[in-house]
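Undergrad: In order, the protein sequences belong to chains A and B.
One point on numbering: in UniProt numbering, the residue at position 97 of the first sequence is 97, and numbering is uninterrupted.
One point on numbering: in UniProt numbering, the residue at position 64 of the second sequence is 64, and numbering is uninterrupted.
By construction, these hints were calculated from the structure, which means they are not laboratory data.
For each residue, glycine too, the CB sits at the ideal point set by N, CA and C.
It is possible that part of the hints are untrue.
[To be verified] Derived Cβ-Cβ restraints for the label pairs, each shown as a range:
(1) B/Gly-40 to A/Thr-93: 31 to 39 Å
(2) B/His-163 to A/Gly-4: 36 to 44 Å
(3) B/Asp-178 to A/Leu-8: 54 to 62 Å
[Stated by the list, open to error] Coverage of chain A stretches by chain B, computed from C-beta distances (three or more under 8 Å per stretch; other residues unrestricted):
(4) 186-194
(5) 204-210
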Amino acid sequence: MAIGLDLLVQFFPNFASIVLAATGLAIIFGIMGVINLAHGEFIMVGAFSTSLAYNGGIPFLPIDALPGLSRLIGAMLFAALVTALFGLLVERTIISGAVPNWISERTLGRPVVTPLYDRLLDSMVATWGLSLIMVQTFRNVFGNSLSGVPIPFGELSYGNSSIGLYQVLLAGVAAFVLIALYLVFVRTDYGMRARATIQNESMAQSLGVNTERTYMATFALGSGLAGLTGALYTPLLSIEPGLGSVFLVDAFVAVVVGGSSVVVGTLLSGGLLGIVDTLFSNVYGTFAGRIALLIVAIVLIRFIPQGLSSLVERLRERRLEVD
Amino acid sequence: MSDTADGMDPAVKQTSAELATGVDTDTILQTEGLTKRFGGLTAIDDVDFGVEAGELRCLIGPNGAGKSTLLNLVTGALSPSEGEVYFEGHEITGLDPHERIRHGLSIKFQVPSVYEDLTVRENVRLPIQRLAAGSERDERMADALSASGLSAKADVTASALSHGEQQQLEIGMAASLDPDLLLLDEPVAGLSVDERTEIADRITQLNAERDIAFVVIEHDTDFVAEIADHITVLHQGETFREGSIEEIEADPEVQRIYLGGETDA
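Go ahead and model the full structure; you've got the sequences and the hints to work with.
TA: Take a look at the structure:
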């Protein structure tokens, strides 16, 4: 009983960490066909922005003067916004090539950059280069570490053990993010445009959809979620330029295991990988947990290469056929 | 090709219907000197192609004549090597496809391109959501479903529709943009006789009731005869003939290019 409760409580932070790390990457990959290997560094931008805003490091922005919890929440929302805007800049310059093409069309008379949409390997190389530049730039500008942020809410005691309440609450935030994304993609006009653009871009254009703007919004949304992840984990991490790499591995594995559906895929892979990580980490230690996570991912990719969300899709089709 | 119809000044180019009635109608689409080269191949060669408001035009020609290329140049899916495209008096040559659609152009592709993972209702929502919100959006979606003849299947995933129903849905989606000109690329290819009649009725109804002009690429001469006011024959990337269905059917040169008397482009 005590072990069961222990595992359940430990599952929440593991689930939160995988889901929050993966959603931004999954959105950008699922809708734009871009694998953003700088995703971890986008999370780093979120963590650094939170730390700077919370500790009064941003000129003319008195977030550090806000009282109590609003200071932390204000810093986190600011960080998500900064990362979304940074993502927009990256999309316009590196991913779509719109800015260099705008310049080259006026100087050379022709575009020089082909957009990285649906070019998986090319996008990996370009964003990997970006990640190296970002890490070194942050190291040069901010040094090896920044001041941290205190962990709010204190401890939650159960049986003979305790866990940070904040870490458990992060699972609630992860669930909220998934529900919000579901509603965005199913209910909103942007969601319709995004789903249409994924399936058939030229058809979407012929129905009046500005697919370029849809891509911009999508990259900003994915980047903003990466920034939010960095912000949420600022109280739990040492704020240093290499912090993104920890998230990237989890995020990458979760997206590959989850498949093309952003919400269903991330929910299923976050749930399954969270369970595996919790079980093995608790019984055999953290290292065994990581190994088990990767073995499960390899086995799943071998037998369900389209990802867990394809299973749901198949079940739905079978039900339609029966109807 | 010295006797091609496109040798005329576009400003004075008139359809046979106009010549017969003397009614002055407005040109809504005009291409001038439109040329598209793919490497060494000239797919469209100096084409001046005009369409009048409310007209129902068919574009025919042997395989490789450049019909789909011409449509893609008009919609912006391809950029011309030379020449301009004018729509309702505005030059649209440099505009993106979605900007051209917003000027009142609409297209249905050759391959059925409905969103198979979305429901019929969601498919219809996509073109309408930019134009209307709230109850007006609901009304327009209901109208589009009814115009497509698919109200009863609104909540079915589009992948479950028959080929003919998908074609109808796509024409309904294109028409729901309230276009002044709708371009259809082989809308009845692979359809049964009944489905063909259904599509022909849909086109003539939209043309008559909503005054939408059509340019229809089609190989099926019975279908062309059923719907077209006026026909343009493309051959080797050039305008080869323009005229009524009777004039085109009686033209021995048109028969010759269809029977392979000349090498196709």
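Undergrad: Next, verify each hint and record whether it holds.
TA: We went through each hint and held it up to the structure:
The beta-carbon spacing between B/Gly-40 and A/Thr-93, approximately 36 Å, falls within the hinted interval of 31 to 39 Å. The hinted window of 36 to 44 Å between B/His-163 and A/Gly-4 is violated, with their beta carbons roughly 55 Å apart. The supplied range of 54 to 62 Å is met by B/Asp-178 and A/Leu-8, whose beta-carbon atoms lie about 56 Å from each other. Given as covered by chain B, the region 186-194 of chain A passes the check, having 3 residues with a CB less than 8 Å from a CB of that chain where 3 are the minimum.
Chain B is given as covering the region 204-210 of chain A, and this holds because 7 residues of the stretch bring a CB closer than 8 Å to a CB of that chain, at least three being needed.
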